[in-house]
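Chemist: Below, each chain spelled out in residue letters.
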Amino acid sequence: MSTPFAKLPAWADYGLIPVLNLLVAFAVAGLVVLLVGENPLRAAVILVDGAFGSGQNIAYTLYYATNFIFTGLAVAVAFHAGLFNIGGEGQAYIAGLGVSLVALTFDSVLPWWLTFPLAIAGAALVGALWALIPAYLQAKRGSHIVITTIMFNFIAASVMVYLLVDVLKPLGSMAPQTRDFLAGGQLPKLNFLLEALGLSVRSAPLNISFLLALLMAVFVWALIWRTKLGYEIRTYGFSPKAARYAGIFESRIIIITMMISGGLAGMMALNPIMGDQHHMSLDFVAGAGFVGIAVALMGRSHPVGIVPAAILFGMLYQGGAELAFEMPNISRDMIVIIQGLVILFAGALEHMFRPAVQAALASVSPRSMGVPAAKGEGA
Amino acid sequence: MAEAAIELIGINKSFGAVRANRDIHLEIPRGTIHGIIGENGAGKSTLMSILYGFYQADSGEIRVGGKPTAIKTPNDAIAVGIGMVHQHFMLVENFTVLENIILGAEGEALLKTSIAKARSELERLEREYGLEVNPDAVIEELPVGLQQRVEILKALYRGAEILILDEPTGVLTPAEADHLFRILKQLKDQGKTVVLITHKLREIMAITDNVSVMRQGTMVATRETKKTTVEELAELMVGRRVLLRVEKGEAKAGEFKLSVKNLTVKDSRGVTMVDDVSFDVRAGEIVGIAGVAGNGQSELIEAIAGVRRAISGSVMLDGKPIDVIGVADPGELRDRGLAHVPEDRHHVGLVLAFEENENSILGYHDDPKYLKGPFLNIEAIMADAKDKIEKYDIRPGNPKLKTANFSGGNQQKIVLAREMEQDPGVLIVGQPTRGVDVGAIEFIHKRLIAMRDAGKAVLLVSVELDEIRSLSDRILVMFAGRVVGERGPDATEGELGLLMAGVEHKEAAE
Amino acid sequence: MDALVQLLDATIRVSVPLLLACLAGLYSERAGVFDIGLEGKMLAGAFAGASAAAVSGSAWIGLLAAVGIAVFLALVHGFASITHRGNQIVSGVAINFIAAGSTIILGQAWFRQGGRTPPLAGDSRFNAIELPGAAALRDVPVIGTIYSELLSGHSILVYVAFLMVPFTWWVLFRTRFGLRLRAVGENPAAVDTAGISVTWLRYRAVICTGILTGLAGAYLSVAQNAGFVKDMTAGKGYIALAALIFAKWKPVPAMFACLLFGFLDAASIRFQGMPWPVIGKVPVQFINALPFILTIVLLAGFIGKAIPPRAGGVPYVKER
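Chains as they are written, first to last, in full-length UniProt numbering: chain A, 1 to 379; chain B, 1 to 510; chain C, 1 to 320.
Hint data in this document are derived by calculation from the structure and do not stem from the laboratory. Computed from a predicted model, the values in this text were never measured in an experiment. Careful: at least some of the hints might be erroneous.
[To be verified] Quick list of simulated restraints, FRET-style, between CB atoms: (1) C:GLY122 - A:PHE26: 20 to 28 Å; (2) B:GLY145 - C:ILE129: 34 to 42 Å; (3) C:VAL314 - B:THR272: 41 to 49 Å; (4) C:ALA128 - A:PRO328: 57 to 65 Å; (5) B:THR113 - C:ALA128: 35 to 43 Å; (6) A:ALA175 - C:MET274: 24 to 32 Å; (7) A:TYR14 - B:ARG336: 38 to 46 Å; (8) C:ASN225 - B:GLN87: 40 to 48 Å; (9) B:ARG63 - C:SER197: 19 to 27 Å; (10) B:GLY159 - C:SER197: 42 to 50 Å; (11) A:LEU16 - C:PRO166: 38 to 46 Å; (12) C:LYS318 - B:LYS226: 52 to 60 Å.
[To be verified] Quick look at which bits of chain B chain C covers, simulated, 3 or more residues with Cβ under 8 Å: (13) 92–98; (14) 109–115.
Glycine is no exception: its CB is placed at the ideal position from the N, C-alpha and C atoms.
Generate coordinates for the entire structure from the input sequences, incorporating the hints supplied.
Modeler: Right, dumping it as structure tokens:
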């Protein structure tokens with residue numbers, strides 16, 4: 001498809017425009033803060049302080065960011081194949097099963113460093129399988145993947161409620177959750193890293209999954225831009241017809257890409273289950289799958305953008321919790337609004353400022369806009 | 001001379017950096033058929049879209065019936081009696097003929113009365129102009145010729161006095177085109193003004209009263225059709241004498257490279273597009289397939305190249321079969337030495353969002369020379385792209401530039417370089433010069449001849465009869481999915497034209 | 001008999017918000033604008049409706065506020081996806097989040113009742129309407145019961161919702177607006193060249209979507225319930241979307257799809273934990289997931305084929 005939008009220099013495309021979009025999103029969020037009678041600037045200060053003010057806070061921020069790196073990467077990988085995976089939430093939720101079953105089986109016999117790789121495999125596998133069904137239906141039956149992944153989120157929620165309430169709950173317990181894992185099912189914390197930097201951390205859930213998330217960011221970068229499979233995924237994402245011509249099989253790409261996406265979303269389950277709570281409880285995903293959409297859009301589907309975007313949302317989650325103490329009118333649900341605004345301005349309205357920016361740049365230096373344009377064909 | 005139905009005065013229009021129309025002056029006398037001719041990309045459609053209010057000119061004036069008229073939307077155009085039949089029909093496929101005709105001209109908020117009114121008006125128009133069509137038929141079930149008729153009726157229903165037709169015969173069979181021309185003459189006899197946009201000289205000579213020639217966004221000349229010749233118009237179109245013959249030596253045909261036997265292909269709607277086609281292509285020859293667009297040529301080469309499934313028949317490449325019926329793999333065919341320059345480079349042959357170097361391996365990304373294990377060998381790919389840029393004079397010579405930023409001719413060179421430099425035994429080429437500037441056309445033609453002289457088998461499909469005639473060693477003509485004749489390179493235009501019109505084919509069937 | 005009437009009565013009640021939201025989506029999607037933001041608009045409508053009704057004491061003012069905010073969000077969706085040609089799915093997701101977050105934040109800030117709005121009663125709520133003669137016919141067997149128990153005694157919005165079905169059919173297939181709406185969802189270029197503004201037409205379609213999602217929201221918080229509770233739509237917008245696909249974007253089948261999904265919901269509540277004949281005890285979660293499972297089976301093409309409007313999801317760009 002020909003892009004109907006004006007061409008801009010790369011620094012404006014990848015720097016200025018996303019920053020502008022983000023600023024507008026936060027400005028509108030500031031209006032909401034005003035609307036509930038608080039001072040947006042003060043709120044921002046509390047928020048940033050709450051996120052980064054102490055080693056403890058930083059550890060929490062990074063703990064939340066871990067979730068969002070996984071889910072953001074998941075959405076981004078699918079984007080590269082032109083697929084919109086709204087099902088990260090359900091894939092992560094179901095993948096909790098893979099993590100829990102591994103932990104429940106091996107926590108008494110294996111040390112954590114043997115359980116962890118098994119749990120990673122379990123999480124990725126179950127997440128990938130949950131993505132496989134919508135992928136298969138899209139590839140073979142043409143069912144729209146956006147719709148089917150939404151439906152699969154609801155089905156996942158129903159399945160998990162049933163399992164946690166009726167199957168996995170230990171006898172005699174009231175809470176719909178699994179039993180607590182023993183030491184072999186608990187991941188080591190990373191607080192020593194922050195302490196090594198001279199920050200003090202009392203107790204924070206930041207754990208080794210954070211490193212796994214960073215590793216996955218590198219993995220996704222290499223996959224998309226440096227491998228043959230990534231080349232095929234991008235070809236298909238830009239032009240399915242060109243992919244067919246190049247001998248790249250549509251259904252293979254859809255299925256593999258969605259399984260990678262589902263696997264990445266699934267790994268998110270490791271962080272809260274084995275890294276923090278040490279059991280699986282109802283709704284442990286808590287919207288992280290959806291935050292992934294905002295993170296991927298903000299990070300422009302590139303790991304270099306996704307990691308900072310995930311940390312920004314980690315900051316909002318952690319800082320938001322602190323904010324709720326200081327300003328009772330603002331609960332953590334403020335984050336949901338910001339998330340929506342980011343998706344709106346960085347995603348659906350990403351081109352809004354383009355004409356204005358182009359006009360501004362052209363008036364400053366007309367030469368810089370002299371991109372050699374394609375000849376007007378068929379005009 | 002009759003008074004002017006339309007005058008265009010100093011029209012300018014740019015799309016970004018592209019100047020599609022520059023200072024156009026044009027006068028179209030009332031009650032005539034006026035041709036506007038020019039190559040693809042000369043700015044004809046843009047000019048007419050301005051006249052129809054689909055775009056607005058950056059500057060200039062439009063006068064309708066002598067009065068300066070602001071045409072800002074298609075509504076304004078309709079109001080002053082201008083109607084347009086677009087190249088791609090503007091019909092709602094799952095609506096009936098009647099619904100399509102009243103769309104936008106319903107008159108009142110409720111459909112009941114407007115439909116009844118439209119029905120009787122439609123009957124009158126059908127009688128008056130000999131434009132029979134069932135008002136209750138659903139568009140997608142009608143043949144293309146009838147769909148076009150609906151478009152004409154749509155314009156007449158809106159009271160069009162001036163009818164613009166944009167490349168109306170591109171999708172028509174010769175018989176349908178003839179019928180269309182009869183309709184247009186009848187419209188002229190009734191006092192309507194017809195503007196015919198085309199790049200086909202034959203049509204201009206056949207039915208227009210006057211002809212204006214466009215080249216690279218400018219209006220270069222207007223002539224009375226009777227007083228001009230095909231040669232003069234052709235020269236005006238391209239700006240210098242056209243090389244109708246490409247210099248080439250005698251073909252030295254060798255062994256059979258590609259053998260197609262009884263191939264039948266259906267499209268997604270189950271319509272037979274290729275019907276029991278058989279032919280061979282030998283090493284060292286160019287076999288050209290001539291035909292009006294839509295007679296199965298596209299489906300034929302797609303099936304051979306493994307992009308589309310065939311229903312029955314067989315294809316042999318170097319004596320070994322290609323699985324054209326099951327899951328053919330274009331990648332495997334490339335390994336076996338079959339290269340394919342597709343007809344649609346924008347959506348098929350290239351990924352416009354990719355960097356040039358990424359497109360230079362499309363389809364050959366499986367080749368070990370571009371890979372290091374599962375990884376891409378970036379250094380090798382870049383070196384390879386630079387090499388091709390040099391050899392094919394691709395401009396601008398920057399392999400990191402986005403492909404969308406290259407001109408049509410240079411984009412086509414990227415595709416050709418990729419396919420030819422793999423040293424294939426068989427090269428399938430679809431519309432090699434569509435939307436390509438004149439300079440690049442010559443280059444591309446020379447390259448194709450060079451491939452032939454290097455002993456490759458070349459299968460060429462083109463809707464440009466001149467191209468087929470000047471390049472091919474043998475010419476196959478397709479009509480309605482069948483190969484209806486084979487001729488040598490010295491076949492006359494008239495002879496081929498009759499075959500393309502399916503004349504012999506019909507006689508044989510009777 | 002009584003149990004059946006009660007079950008069907010409950011079916012009608014829970015089907016109404018689905019039906020209104022489903023018809024809402026129908027206008028937008030038939031015009032070629034996909035809308036997965038039905039949930040968010042409905043939620044925002046429910047909150048605004050309950051808030052305005054609580055403050056003003058008038059259900060009608062509540063209704064107006066509900067429609068107003070839902071139309072506003074629909075216009076945001078239009079601004080992103082029509083004017084700026086943004087991704088319609090992304091825009092819909094954004095609106096759902098904005099609605100989910102702001103209803104809680106504003107609700108807490110304004111009313112301080114844990115995200116609830118003050119309980120509504122009397123004129124601040126749409127109350128049941130007794131259809132004429134309902135009391136008199138009560139004792140007539142079968143017909144009387146059906147009339148007085150099942151058909152009578154609903155709030156006005158229930159009747160509006162069901163009247164919207166033939167009305168929508170009539171608009172779509174018998175009016176100029178409907179003809180153009182269907183055309184723009186199939187081939188916007190045809191509409192554009194016919195001299196009709198694609199942009200304005202699509203905006204009108206999303207405004208219709210806004211009005212109906214507003215009604216759906218108001219029904220939830222001002223008629224069916226006596227106030228707003230956080231996340232009270234609980235996925236109904238998505239079920240409506242499923243019903244729309246299930247109905248193949250047609251108004252009358254949409255009603256039946258919503259009644260079916262509503263029936264499943266009502267039955268799952270009523271028969272919770274009770275063993276079913278033949279199959280035994282069915283987990284309630286399975287029944288809850290059934291609308292989604294059924295829609296996926298349909299989408300997979302195992303029972304008929306759901307073909308969406310051809311231009312759906314694609315922003316209109318004039319061809320060069």
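Chemist: Would you mind marking each hint as holding or not holding in the structure?
Modeler: Going down the list of hints, with the structure as the test:
1. C:GLY122 - A:PHE26: 20 to 28 Å: violated, 42 Å
2. B:GLY145 - C:ILE129: 34 to 42 Å: With Cβ atoms ~59 Å apart, the hint is violated.
3. C:VAL314 - B:THR272: 41 to 49 Å: violated, 30 Å
4. C:ALA128 - A:PRO328: 57 to 65 Å: 38 Å Cβ-Cβ, so the 57 to 65 Å window is violated.
5. B:THR113 - C:ALA128: 35 to 43 Å: Holds - the Cβ-Cβ distance for THR113 (chain B) and ALA128 (chain C), about 41 Å, lies within 35 to 43 Å.
6. A:ALA175 - C:MET274: 24 to 32 Å: holds, 25 Å
7. A:TYR14 - B:ARG336: 38 to 46 Å: holds, 42 Å
8. C:ASN225 - B:GLN87: 40 to 48 Å: Cβ of ASN225 (chain C) to Cβ of GLN87 (chain B): about 57 Å, so the range 40 to 48 Å is violated.
9. B:ARG63 - C:SER197: 19 to 27 Å: Roughly 26 Å apart at Cβ, these two residues keep to the hinted range, so it holds.
10. B:GLY159 - C:SER197: 42 to 50 Å: violated, 21 Å
11. A:LEU16 - C:PRO166: 38 to 46 Å: Cβ of LEU16 (chain A) to Cβ of PRO166 (chain C): about 52 Å, so the range 38 to 46 Å is violated.
12. C:LYS318 - B:LYS226: 52 to 60 Å: Given range 52 to 60 Å: violated, Cβ gap about 38 Å.
13. 92–98: holds (count 4)
14. 109–115: holds (count 5)
Figure legend: structure checked against the earlier numbered hints; hints not met, in rising order: 1, 2, 3, 4, 8, 10, 11 and 12.
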